[in-house]
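There are 4 protein chains.
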Amino acid sequence: MNSMRIGFIGLGAMGAGMAGNLLKAGHAVTVWNRSPAAAEALAKLGANVAKDARSVGEGVQVLHSMLANDAAVRAAILDSGVLDALPKAAVHVNHATLSVALVRELVEAHERRGLGYVAAPVFGRPDVAASGGLNIVAAGKADAMAKVLPLLEPLAGKVWPMGDDPVRANVVKIAGNFMIGAAIESMAEASALTRAHGVPAKDFLEVMTGSLFAAPVFKTYGGLIAEENYSPAGFKMSLGFKDIGLARSAAETERVPMPFASVLHDTLLEALAAGEADLDWSALAKVAARRAHIG
Amino acid sequence: MNSMRIGFIGLGAMGAGMAGNLLKAGHAVTVWNRSPAAAEALAKLGANVAKDARSVGEGVQVLHSMLANDAAVRAAILDSGVLDALPKAAVHVNHATLSVALVRELVEAHERRGLGYVAAPVFGRPDVAASGGLNIVAAGKADAMAKVLPLLEPLAGKVWPMGDDPVRANVVKIAGNFMIGAAIESMAEASALTRAHGVPAKDFLEVMTGSLFAAPVFKTYGGLIAEENYSPAGFKMSLGFKDIGLARSAAETERVPMPFASVLHDTLLEALAAGEADLDWSALAKVAARRAHIG
Amino acid sequence: MNSMRIGFIGLGAMGAGMAGNLLKAGHAVTVWNRSPAAAEALAKLGANVAKDARSVGEGVQVLHSMLANDAAVRAAILDSGVLDALPKAAVHVNHATLSVALVRELVEAHERRGLGYVAAPVFGRPDVAASGGLNIVAAGKADAMAKVLPLLEPLAGKVWPMGDDPVRANVVKIAGNFMIGAAIESMAEASALTRAHGVPAKDFLEVMTGSLFAAPVFKTYGGLIAEENYSPAGFKMSLGFKDIGLARSAAETERVPMPFASVLHDTLLEALAAGEADLDWSALAKVAARRAHIG
Amino acid sequence: MNSMRIGFIGLGAMGAGMAGNLLKAGHAVTVWNRSPAAAEALAKLGANVAKDARSVGEGVQVLHSMLANDAAVRAAILDSGVLDALPKAAVHVNHATLSVALVRELVEAHERRGLGYVAAPVFGRPDVAASGGLNIVAAGKADAMAKVLPLLEPLAGKVWPMGDDPVRANVVKIAGNFMIGAAIESMAEASALTRAHGVPAKDFLEVMTGSLFAAPVFKTYGGLIAEENYSPAGFKMSLGFKDIGLARSAAETERVPMPFASVLHDTLLEALAAGEADLDWSALAKVAARRAHIG
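Residue numbers (the UniProt record's numbering), protein chains in the order written: chain C, 1 to 295; chain X, 1 to 295; chain G, 1 to 295; chain R, 1 to 295.
By construction, these hints were calculated from the structure, which means they are not laboratory data. Note that beta-carbon positions come from the ideal geometry of N, C-alpha and C, so glycine has one too. One or more hints might be untrue.
[Unchecked claim] Partner residues are not named here, just some residues of chain X that face chain C (Cβ under 8 Å, in silico):
1) M4
2) L78
3) F204
4) F218
5) E254
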């Protein structure tokens, strides 16, 4: 394998594990994070710590970023100057879950500078990021993809190429996150129904997740609902609300009615109104139970 | 194993396979079906063919029934006289998906006659019934369950005991069928979203069912949506509509708001209005696409 | 005016006022009610009190009934024998709000006996019934309508003929009651929104009901919401829930998706779950406020 | 009456009529519009035509603006420099329907400059604007309101003071527009129901708008539905969609679930997907009929 000069911006719960895997794979990784502690930890594993986001771009062949949302990407990528610091023909592979609108803006900003751009959003929680088992959906022009795909190897259990338009990868990610929210709301309502008839959520979900719904999403979130284990959150209600907002925005631009997304919007809003922003979003089961006045 | 004298009423796509497995397990099975052809086929495998539903009850230790809905059960079980033909202490194990109200009526009708009653609804399609791989949720008084559980062995991949009140098994079945409908609608809306942004349903669903949603329900129905393979139906839209109606009725009696079930009610109604009653209910994907005016 | 021999079954809050107006108009009215007190009160105004529902039919030219729901009509009209007691060519004018299915059954039961049938459901609350200001929607065959229309004069502020099929009048009534429920939910959600932004419901509704929404439904129910005056109920939540159920059934038979009716079903269910069955159905405003966690 | 020196920005269908009424009331009005034709027309009635938006502010005591949306207000008021051209203690009365967020920004921008600010959104269509019969909801600090209220006289049939925080007036306007949309969707679904049962929308709506729903909103939009008179639009579907979006945004910031607004979002989106952006928003009746597959 070719050891490459890589930049990595964004070392939160997800990014720290991913940058670590790139180091373990033998690459020369220069890192930066808004709060420096995470960067220091990676320095111990051999990373170079840049003084700011811009400098991460100097001399690297591929820049990875794993940021939280549109605002973080706008600040650390578009406004920081890193795109101007990157060498010509360098490629930026962006792992964030973003709005379709911002992705279009990023594609243009990279093209204008002769830089490659690959959208590579990920499915998986922090433990899966650390163990290199993510599912990564990737899309971008062929030459950029060729540079990036080998770098996704140490990060992913599986890579899903989605064509040459980066927007396509983000749309798959957004639609997938919507399906996760729908799975949670489905278990929330079904559990409220069985509880009202004397069957505990745990007993019901055990049957479902042990048979027809034996899939990671249902086992993970169904387990949290069964145990009423909503804190600390694996994925916060406020982030779930943001993700459903991304789905609704993407739906709106293309005039796609999504009544399940509308229901999710309202039940998530109800959870936020109840002060549950920091609970795991499987706590939508509490909203369903409250509406039925089940203790 | 004890060979037992068993009755079996209802030899449709599901029941024929189940009765066949009881015969193969070495039991003496007496069968009856409204249209006689299916009974004749089982006679070749060693079944006795009763002349009417009532006579099935004569001299059997356990009566199985696998009927389509409330109306079929009312006719073949409550009105046929079979409960009066059954010997004292015989047990009826009812595999139908029924309303909670009817189950309560059945429990009382059996108790009044000193008969055991086990509700044992099943999850699985006809091919799974034939191969003895069903997931069966069973609930009833301890002594009735003791008689019935060995008979479920040749029918099921797994049996899930749900307590001593038969209603609990039906509630689990109803709630599970609701979750299947919700899974389909979720894939329908998500696919409409990705299609509107240029990503075919097939590409999107391949990622989902190959990772986070790698479960039988999603693989089966996601496959039908990806291939637009809605006919002949595995499970008709009209039956899906009936099942969601059972969930809504069960929710109504216990005052449980279920907004996802309400959305499903309306999208299924729209499919029926479009003349799609006989398509597989995964054709809800056509409704979502139509609403977005995607060809 | 011709004084006619009239029967009147059902002397609840609505029926008592209506029977009284027929007496005042100079007709010979024979009455019956399940609880006799209301009949006694009308006897003082000159009514004859029949000993049972059946006898009301003897010798009258027109039978009026003002009953609460399908079950009451089935008992007092179909099962009581009154249809067999009515003289040939007598007409029954039924003011109840009924399911479309029952109306079809009633039409057939009357035709079979050579009796006329007019569906004449009413809009208006008990005070309006007493003052003879109801809005009455009436439909039935021409000869039956000819007999009945003069009798509606003392009952109604306005009569709206709706053709020769009685079902049409009931459909208008059902759809109108749905619109009333939708008006209430609309004010409930709008008020929760303004309250959350510091504008009391009273101030907001005053503007609306004093301008764009200056109509009886909005003034009446908006006033109750503004004053939080939910008890004693003018029209109970449980009856509102029943009415929305009639709309949903009528929609289901003809495959008409009604998402607003689905929302109403769920918010009404939430109110019932909260123990608010006996509050006025304008208390849907409490449900909206609760969901937003507004005190 | 004191003749005042007034500026007026925004001379669309609504603003032209309003500016005209201020001229007729004897005030000295300086006008500006992005497309000059409307300004020329008012010059004939005695208006001064400013060369740009900024100059409108020079020397006036009160500036009125009647602009279409957030973007138009940002351009013509915040970015044009007019606020810096206004004399100290001048008051700006803004008639636009705006997001709560922008109103907060405007309040701060005016306070910082020592200018008064009154939010005075209006209810009524262009013909009502021309005849001076608008319903105007107004809120702002007491001294600013004192200057502005006399100027609203020639514009309004009625003025509704809503306190000293301009946001409150906009919230009332947003909530009122939501109620209009809900009224339309309610008539759309009710009409689809009656049509499916053989009662034309026209017959049904005639009863409703002639009795319980005898209010301007229902008579106007009900009339359009009854006649299927959707073009040319009185108020376009695309503008209705924008207004429901404002309600949803306002609801989101305060965590107020609004399921009726969610349904409206999806049915309006469906209309836009069908290419109906330029039809009157009463054409939501076509969406309801289409979903039921009624011709």
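Okay, the hints, checked on the actual structure:
1. With a cut of 8 Å, the hint placing X:M4 at the interface with chain C is violated, because the nearest CB-to-CB distance is about 27 Å.
2. The beta carbon of X:L78 comes no nearer than 22 Å to any beta carbon in chain C, farther than 8 Å, and the hint placing it at the interface is violated.
3. With a cut of 8 Å, the hint placing X:F204 at the interface with chain C holds, because the nearest CB-to-CB distance is about 6 Å.
4. At a threshold of 8 Å, the smallest CB-CB gap from X:F218 to chain C is about 7 Å, leaving the interface hint in force.
5. A least Cβ separation of about 4 Å between X:E254 and chain C falls short of the 8 Å threshold, and the interface hint therefore holds.
Violated hints, in rising order: 1, 2; the structure is consistent with all others.
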